[in-house]
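A.B. asks: Each chain is listed here by its residues.
Number of protein chains: 2
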Amino acid sequence: MSDMDTIDAVDRKILSALTQNARLPIVELARRVGLSKTPVAARVRALEERGIIRGYRAILAPEKLDLSHVAYVEVKLMDTRQAALSEFNDAARAVPEIEECYMIAGGFDYLVKVRSRDIADYRRVLGETISTLPHVSSTSTYIAMEAVVEQSYLTL
Amino acid sequence: MSDMDTIDAVDRKILSALTQNARLPIVELARRVGLSKTPVAARVRALEERGIIRGYRAILAPEKLDLSHVAYVEVKLMDTRQAALSEFNDAARAVPEIEECYMIAGGFDYLVKVRSRDIADYRRVLGETISTLPHVSSTSTYIAMEAVVEQSYLTL
DNA sequence: GATGAAATACGCCATCC
DNA sequence: GGATGGCGTATTTCATC
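Listed in order, the protein sequences are those of chains F and S. Counting along the first sequence from 1, when you hit position 10 you're at 10 in full-length UniProt numbering, and nothing is skipped either side. Counting along the second sequence from 1, when you hit position 40 you're at 40 in full-length UniProt numbering, and nothing is skipped either side.
Misleading hints may appear alongside valid ones.
[To be verified] Pairs of lysine-lysine, DSS-like flavour, derived with a Cα cap of 27 Å:
{"hint": "1", "chain 1": "S", "residue 1": "K37", "chain 2": "S", "residue 2": "K76"}
{"hint": "2", "chain 1": "F", "residue 1": "K64", "chain 2": "S", "residue 2": "K37"}
{"hint": "3", "chain 1": "F", "residue 1": "K37", "chain 2": "F", "residue 2": "K13"}
{"hint": "4", "chain 1": "S", "residue 1": "K76", "chain 2": "F", "residue 2": "K76"}
{"hint": "5", "chain 1": "S", "residue 1": "K76", "chain 2": "F", "residue 2": "K64"}
{"hint": "6", "chain 1": "S", "residue 1": "K76", "chain 2": "F", "residue 2": "K37"}
{"hint": "7", "chain 1": "S", "residue 1": "K13", "chain 2": "F", "residue 2": "K13"}
[As the list claims (entries may be wrong)] The calculated label-pair distances, taken between Cβ atoms and stated as ranges, are:
{"hint": "8", "chain 1": "F", "residue 1": "P39", "chain 2": "S", "residue 2": "T132", "range": "39 to 47 Å"}
{"hint": "9", "chain 1": "S", "residue 1": "V27", "chain 2": "F", "residue 2": "E48", "range": "34 to 42 Å"}
{"hint": "10", "chain 1": "F", "residue 1": "T139", "chain 2": "S", "residue 2": "D8", "range": "29 to 37 Å"}
{"hint": "11", "chain 1": "S", "residue 1": "I26", "chain 2": "F", "residue 2": "R117", "range": "29 to 37 Å"}
{"hint": "12", "chain 1": "F", "residue 1": "E28", "chain 2": "S", "residue 2": "D8", "range": "30 to 38 Å"}
{"hint": "13", "chain 1": "F", "residue 1": "T141", "chain 2": "S", "residue 2": "D66", "range": "29 to 37 Å"}
Keep in mind the hints are simulated off the structure, nothing from the lab. All C-beta atoms in this analysis are idealised placements derived from N, C-alpha and C, irrespective of residue type, glycine included.
Using the sequences and the hints, build the whole thing.
C.D. replies: In structure tokens:
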């Protein structure tokens with residue numbers, strides 16, 4: 001965090017409010033943080049321009065869209081040189097079923113979160129997509145039985 | 001998905017647009033889906049009331065808020081009867097650092113995604129919070145080195 | 001589902017503290 | 001850096017077809 005990225009208590013309140021409701025009008029935001037419209041509008045604009053607020057999104061209910069099935073896949077690559085990693089990363093980013101993907105310390109593995117309709121659908125995604133990503137040598141799947149804390153904005 | 005949950009192609013377009021930009025005005029939405037304002041406004045309201053749209057949130061940049069550190073923790077419980085699971089679930093939901101938590105098939109384990117400032121902060125969260133959750137017997141941590149596909153709306 | 005008008009709320013700006 | 005007030009407009013809502 002550089003100097004430019006300093007956020008004070010008021011900014012935090014604004015961010016907290018907007019992460020709960022992206023559509024709050026400036027006047028309401030101003031009322032909540034105890035300032036007038038002018039500085040609040042300026043702060044929101046600044047937060048957007050500084051890239052702290054990336055955007056505003058509708059949050060969808062996975063179960064109502066028949067996308068309740070979540071699996072985590074541990075992926076190992078056969079080639080872990082930088083070029084291969086980049087190729088894998090780019091390809092992974094292009095897969096819509098991949099909701100999250102992190103490179104994990106210790107063995108150049110990836111942990112990939114896959115969202116699908118059901119197990120049959122997951123099986124298809126794994127066989128047709130995940131295991132055909134560049135440089136993949138092996139995968140291990142962990143099936144989620146229950147979402148205890150879920151944080152997903154689906155991208156349709 | 002019941003009958004009530006039927007969504008057609010227009011609804012999908014609406015959802016797709018709103019997941020990319022929650023603040024699109026109805027007129028713009030109407031233009032994109034090729035309908036007039038009236039039905040589009042009605043459809044959005046219906047999608048909200050049916051719970052398909054859960055809400056609208058600002059998406060924040062973790063790195064600008066000094067919350068770049070992501071770890072996945074595999075948690076095992078010593079008691080896996082329903083009452084114990086419920087206790088764990090409730091306690092996990094109350095931890096702000098837990099961004100996601102899924103119960104995983106095969107062994108009554110949980111996979112927990114933890115977001116924190118850095119490794120030192122993670123160490124604190126693990127020791128003071130995660131490992132003190134009810135019925136936890138052991139944990140294994142996987143540290144993320146790189147976010148390839150990240151899907152996070154931070155909740156401040 | 002389309003059209004159009006009316007009421008309102010919203011963001012923006014100029015001014016002042 | 002923040003407050004106040006007014007202006008212009010964009011947005012929703014509603015009545016009609």
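A.B. asks: For every hint, state whether the structure bears it out.
C.D. replies: So, going through the hints one by one against the coordinates:
1. S/K37 x S/K76: 52 Å, violated
2. F/K64 x S/K37: Distance ~25 Å between F/K64 and S/K37 Cα, so the pair holds.
3. F/K37 x F/K13: 15 Å, holds
4. S/K76 x F/K76: Distance of about 24 Å is within 27 Å: holds.
5. S/K76 x F/K64: 30 Å, violated
6. S/K76 x F/K37: Measuring from Cα to Cα gives roughly 50 Å; hence the hint is violated.
7. S/K13 x F/K13: With Cα atoms ~33 Å apart, S/K13 and F/K13 exceed 27 Å; violated.
8. F/P39 x S/T132: 39 to 47 Å: Given a distance of about 41 Å, which is inside 39 to 47 Å, the answer is holds.
9. S/V27 x F/E48: 34 to 42 Å: Check failed, 22 Å falls outside 34 to 42 Å.
10. F/T139 x S/D8: 29 to 37 Å: 35 Å, holds
11. S/I26 x F/R117: 29 to 37 Å: 30 Å, holds
12. F/E28 x S/D8: 30 to 38 Å: Since F/E28 and S/D8 have Cβ atoms about 34 Å apart, the given range 30 to 38 Å holds.
13. F/T141 x S/D66: 29 to 37 Å: 33 Å, holds
Comparing the model with each earlier hint shows violations of hints 1, 5, 6, 7 and 9; every other hint is respected.
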